[in-house]
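Protein sequence lines correspond, in order, to chains X and H.
Counting in our numbering, the first sequence runs without a single skipped number right up to 277 at its last residue.
Counting in our numbering, the second sequence runs without a single skipped number right up to 254 at its last residue.
Please note: incorrect hints may appear among the correct ones.
Distance ranges between label pairs, derived from CB positions [to be verified]:
1. Ala112(H) with Asp104(X): 44 to 50 angstroms
2. Asn116(X) with Gly113(H): 50 to 56 angstroms
3. Glu225(H) with Pro241(X): 26 to 32 angstroms
4. Val120(X) with Asp125(H): 48 to 54 angstroms
Calculated directly from the structure, the hints in this document are not laboratory data.
The beta carbon of each residue, even a glycine, is placed where N, CA and C say it ideally should be.
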Amino acid sequence: MAARIELNSLTLRYAMASTPAVSGLSCTIPQGSCVGVVGPTGAGKTTLLHSLAGILGKHHPELMVSGNVSIGDESFGGISREILFPRVGLVLQDPSVQISGVRDTVFEEVLFTLENVGAVGDDSDSRIQLILRQLGIEHLAHRKPTSLSGGETQRVALATILVARPEVLLLDEPISALDATAQARLRSILLHLRGTTTVLVTDTQIDFPLSVCDRILALDHGRAVVFAEPQQLLSNDQSLPMIGGWQRWRDIARELEGRSDSSHRDTTRILKAIHLA
Amino acid sequence: MNLTFDNVSFTYASDRPLLKSLSFEAGPSDVLLIVGQNGVGKSTLLKLSNGILKPTAGHVRVGGLDTTEQRISKLAREICVTFQNPADQIFAPTVEKEVSFAPRNLGRIDPAGLAMQAMALCGLDSVATQHPYDLPPAQRKLLTIASAVASGAPLLAFDEPSAGLSQLEHRGLERILASLKIERRGLIVVSHDLGYFLRHATKVLVLRQGETLYYGTPEWLAVNEGVLRKAGLKLPIPERVSRMLGQRPEQPHV
Numbered sequence: 001m002a003a004r005i006e007l008n009s010l011t012l013r014y015a016m017a018s019t020p021a022v023s024g025l026s027c028t029i030p031q032g033s034c035v036g037v038v039g040p041t042g043a044g045k046t047t048l049l050h051s052l053a054g055i056l057g058k059h060h061p062e063l064m065v066s067g068n069v070s071i072g073d074e075s076f077g078g079i080s081r082e083i084l085f086p087r088v089g090l091v092l093q094d095p096s097v098q099i100s101g102v103r104d105t106v107f108e109e110v111l112f113t114l115e116n117v118g119a120v121g122d123d124s125d126s127r128i129q130l131i132l133r134q135l136g137i138e139h140l141a142h143r144k145p146t147s148l149s150g151g152e153t154q155r156v157a158l159a160t161i162l163v164a165r166p167e168v169l170l171l172d173e174p175i176s177a178l179d180a181t182a183q184a185r186l187r188s189i190l191l192h193l194r195g196t197t198t199v200l201v202t203d204t205q206i207d208f209p210l211s212v213c214d215r216i217l218a219l220d221h222g223r224a225v226v227f228a229e230p231q232q233l234l235s236n237d238q239s240l241p242m243i244g245g246w247q248r249w250r251d252i253a254r255e256l257e258g259r260s261d262s263s264h265r266d267t268t269r270i271l272k273a274i275h276l277a
Numbered sequence: 001m002n003l004t005f006d007n008v009s010f011t012y013a014s015d016r017p018l019l020k021s022l023s024f025e026a027g028p029s030d031v032l033l034i035v036g037q038n039g040v041g042k043s044t045l046l047k048l049s050n051g052i053l054k055p056t057a058g059h060v061r062v063g064g065l066d067t068t069e070q071r072i073s074k075l076a077r078e079i080c081v082t083f084q085n086p087a088d089q090i091f092a093p094t095v096e097k098e099v100s101f102a103p104r105n106l107g108r109i110d111p112a113g114l115a116m117q118a119m120a121l122c123g124l125d126s127v128a129t130q131h132p133y134d135l136p137p138a139q140r141k142l143l144t145i146a147s148a149v150a151s152g153a154p155l156l157a158f159d160e161p162s163a164g165l166s167q168l169e170h171r172g173l174e175r176i177l178a179s180l181k182i183e184r185r186g187l188i189v190v191s192h193d194l195g196y197f198l199r200h201a202t203k204v205l206v207l208r209q210g211e212t213l214y215y216g217t218p219e220w221l222a223v224n225e226g227v228l229r230k231a232g233l234k235l236p237i238p239e240r241v242s243r244m245l246g247q248r249p250e251q252p253h254v
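Make the full structure from the sequences, and use the hints.
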């Protein structure tokens, strides 16, 4: 079952850093929703994801934390100091780090997750096959995980987390090495998870989040600049230079505006086109 | 100085052929964009271009030198290949040492000066004394680009150079590409970022199942989307949406 996430004035400052990586962040992410976290380098996207996964405190024991994170019924009095997998699954920005290297095939690498979380059962094989098929990598099942291309590795890393069926799924720039077909597959997986898994997906560009997310959280220097539904965001005439690719969408909306009199209808048309594209 | 692939095929040991009969060329001021689905062999192709891998059939030539007959160290003077994952190549304890490694190792005149220029071009001068792994991933990516620029090689090959870069760094990359063009250096770019690189490309090579599906101008490709579809690729979302809404493309050829 998906979990609601609540951030309450969350501030995270790395030891020795002059400014916080995440600063006074408050927002409520409804259970089962898909949130696109966008912003430039250093905006705090990865820090936010790592704090939700419970690995940040482990890796940075001297981290200064104020505010609070709640996931589902659990409130952490700050951030979780324990790794929350498999309840919360995180796919790292560098997927090669996620490959254990101790298994000979992609299939066994994905099975390794189920072994680690004590979830091996009669249905393991079919569960793994299904994930590989959804991601379009069933042909890689018998390949060596460390011999794959960048985009293939990215999808195997995804499979090792998805197979655990986390309540909360955190994806750190998951499409950076994916071709258009693989992106479309990930998109349909995320649409399929809507309602059952709470998803946060980061990107430096707005295009992919706009096509799949029901909310966009734009961060800049650790602060939330915008937290809105795509429809609201597209009707927003603000200049949002921290969102990569935003200007192009403003231009598309403006050109439509020039041809009609209802901006509401325009944004609906754009969103419809995005979902069809 | 040209990179030439002449009917090149490549097979990894005990596997089926990955690349089949590829022929193309990239010279000074060229930006050759190579696109294709994940696993089609794009990164392998880059490793063939500087002799890390040798073709199973056909010839790869760098400035007329056949890669099967030359030492990699000699080819490195002419072509510098940057990997997709910065962690695969960064090893020095500071940014400055990393960037100056190639020009020093290749015996270029004034390696420190070349490194300084490259760091300035890539916006890394302010972090010159930092450890590369203290930098955010996007800056590490720029660090690998700076290292290639500083190498002084007339041909540069980049594997997904824009991956993970945000708006600001995209603009920085724009500056780097413009500067390399003025220097008449030839670029070979593997990327999924069609929206960005179709604007800069002088030639495009589209691969499908290890074979050439298309080799020609970006202008033709932009109006013949079917080729991209056949290769399992698409124009970027904003371009597709814009066309669906009956708008003019942003760029004449995108």
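Does the Cβ-Cβ separation between Val120(X) and Asp125(H) fall within 48 to 54 angstroms?
Since Val120(X) and Asp125(H) have Cβ atoms about 53 angstroms apart, the given range 48 to 54 angstroms holds.
Cβ separation of Asn116(X) and Gly113(H), checked against the hinted range 50 to 56 angstroms:
51 angstroms Cβ-Cβ, so the 50 to 56 angstroms window holds.
I want to verify a distance hint. Is the separation of the beta carbons of Ala112(H) and Asp104(X) within 44 to 50 angstroms?
holds (46 angstroms)
Between Glu225(H) and Pro241(X), is the Cβ distance one that fits in 26 to 32 angstroms?
holds (30 angstroms)
The structure is consistent with each of the numbered hints, conforming to all of them.
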